[in-house]
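When you get a sec, could you build the whole thing from the sequences and use the hints?
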Amino acid sequence: NDGLQPLFTDNDLSLFANGTDPYGHPNVNWYKAIMRPTSMQANANLDISGGTQAVKYFISGGAFTQEGNIRDFSTNTDGVNSNYFYRRYNLRSNLDIQATRNLSLRLDVTARFGDVNQPFGQNVIGTIYNFAEVRPYSAPFLNPDGSYAYYRDTRSQRPTINAVLETQGYNRQRRTDFNVLFGFNEKLDDITKGLSLIGRIAYAGVDQNTLNLFRDKPFPPSYLYDPITGTYNLNTGNSSGGYTLAKYRTTGNNDLANQRVNGQVYLNYDRTFGPHHVSSLLLYNQQSYRVDYEASIFGVVVAQVPQKFRGYSLKVGYDYKQKYLFDFNAALNGSDRFEAKNRNGFFPALGLGWNISKESFFADNLKMFNLFKLRASYGLVGSDVAPGNQYLYNQVYQNGGGYSFGQTNGTTGTIYEGSLGNSNVSWEKAKKFDVGVDMNLFNDKISATIDYFHDRRYDQLVIRQDIPLILGIGVSPTNVAVTVNRGFDGMVTYQDRIGQVQYSLGVVFSVAKNKVLYQAEAAQRYPWLAKTGHPIDQPFGYNFVGYYSQKDIDDAEVA
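Take the sequence shown: its letter number 474 is residue 580 in this note's numbering, and every next letter is one higher.
Be aware that a few hints might be false.
As the list claims (entries may be wrong) - Straight-line C-alpha distance at most 16 Å; calculated EDC-like pairs for lysine to aspartate or glutamate:
#  : residue 1 : residue 2
1  : Lys138    : Asp127
2  : Lys162    : Asp214
3  : Lys479    : Asp561
4  : Lys427    : Asp376
5  : Lys162    : Asp221
6  : Lys538    : Asp565
7  : Lys429    : Glu465
8  : Lys535    : Asp557
9  : Lys138    : Glu239
10 : Lys619    : Asp557
11 : Lys479    : Asp565
12 : Lys621    : Asp561
To be verified - Per label pair, the in silico range of CB-to-CB distance:
#  : residue 1 : residue 2 : range
13 : Tyr195    : Gly336    : 48 to 54 Å
14 : Ile576    : Phe284    : 52 to 58 Å
15 : Ala636    : Lys538    : 25 to 31 Å
16 : Met146    : Asn476    : 47 to 53 Å
17 : Thr144    : Lys551    : 40 to 46 Å
18 : Leu287    : Asn476    : 36 to 42 Å
19 : Ile642    : Asp313    : 36 to 42 Å
Simulated from the structure, these hints should not be mistaken for laboratory data. Note that the structure is a prediction, hence the values are computed from the model and not measured. From the three backbone atoms N, C-alpha and C, an ideal C-beta is built for every residue, glycine too.
Shown next, in the form of structure tokens:
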């Protein structure tokens with residue numbers, strides 16, 4: 107007992123408990139008052155399909171709605187829905203046409219429209235949970251006349267959370283996804299059997315619109331009701347003017363749109379001559395990607411320069427009786443991220459395989475194996491994904507401070523030289539080696555795939571750390587870093603059937619180690635500070651070796 111007067115009398119505690127004085131002695135479980143015990147989710151779909159031998163179609167439409175876990179506080183306000191909800195409508199259609207004996211056409215269209223709504227403000231859920239922890243006797247949910255109450259035992263004396271949720275507005279994100287794919291397949295058996303020409307062009311567009319509807323003064327007027335006198339006292343908060351409810355205003359529509367176009371045309375050949383099987387593919391591929399950002403309140407549209415990619419690929423495959431396998435791949439890719447002299451990269455790869463289970467000496471003596479195949483591959487791959495600026499070969503200029511000029515009080519903006527451009531920037535490359543085995547045993551009940559891989563990445567783009575700061579200017583990433591990654595991975599699966607029940611069990615494993623061989627690191631004062639020679643993104647710090655007691659510290663051998 108601290109000798110202080112109790113905060114509540116026995117009569118107060120009784121009134122809190124029996125609920126006979128809900129306004130003078132409120133007892134509100136704010137968590138239950140705010141949160142829904144359950145939320146509704148509904149999904150509906152309608153599919154239509156049909157057609158003839160020449161034309162086949164499929165149409166699908168759907169609607170999905172999901173409510174949030176916050177109670178609906180919009181029914182008592184001015185019609186502004188600030189609740190959590192998600193609405194989605196989707197449409198899909200597929201059309202396949204057999205135009206001629208050798209020509210088939212394909213048209214696929216998908217569209218999705220979605221709205222995500224939430225109360226306006228940052229970290230709304232965190233704010234709600236903070237309010238949900240307010241003491242139950244702090245305020246009634248509403249006053250008798252329907253006006254808002256406020257938390258009178260808190261320092262800010264803000265209106266209750268239901269008042270805030272009803273009046274603060276919303277953040278609404280509307281997203282539209284639209285995809286179109288058109289393709290054709292022309293069989294050229296009249297020229298030679300197994301030859302075909304295939305083409306596809308695909309468009310993928312996303313338009314995202316964000317609208318914020320809010321008030322500059324988000325807190326509505328709230329009152330303290332006196333059940334004895336029946337009077338309402340206006341909450342003045344931390345200012346003499348009290349809380350006033352401003353009109354809604356909006357930041358305008360913030361639009362983000364991106365468009366991707368991908369076109370492919372390839373000549374395909376696949377044919378078997380007795381025990382010999384030959385396949386080949388000659389591909390042309392072109393991609394374009396663009397992002398536009400619009401802030402309509404300022405009438406400004408910011409359009410990024412489209413990113414473009416073009417590539418030619420060749421694939422040749424051969425196998426003899428499915429026993430001896432050979433694959434050769436080559437790609438000549440061009441990217442606009444690099445200057446013309448470095449724009450193109452050539453990336454070949456070779457693969458060999460031996461299906462030993464097709465050999466008579468193996469099949470006759472090891473009959474438990476349905477498949478036993480050895481394979482190996484070695485190739486060069488490249489990446490044009492560069493860190494930072496999309497065009498690292500360009501000189502960068504940045505906005506600087508202003509200066510006064512002439513007889514006016516205004517200032518004139520300036521620019522200053524940013525990071526130096528790197529005209530030699532080019533593809534990041536990796537030499538990839540892989541050797542593995544594929545096995546199926548006991549009528550395919552057990553299957554296993556095990557691989558050893560060794561990747562050596564070089565010409566990786568990093569910012570050199572060995573250039574002294576006396577240069578006085580930033581530098582762009584340079585193709586100098588080298589890393590290596592090697593290890594094993596694989597999967598083992600067992601599948602069987604018990605009566606009408608089919609089951610499978612599987613294990614996936616992977617063991618890998620990587621190391622930085624070179625990254626233009628500055629010379630360190632102590633060798634153990636160098637990151638070169640360690641794994642990528644290796645954390646550095648002190649090792650925790652345990653706690654020491656005073657006895658340990660006093661012991662010279664331990665210390």
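**Item:** Enumerated hints in conflict with the structure, sorted upward
**Value:** 1, 3, 5, 8 and 11
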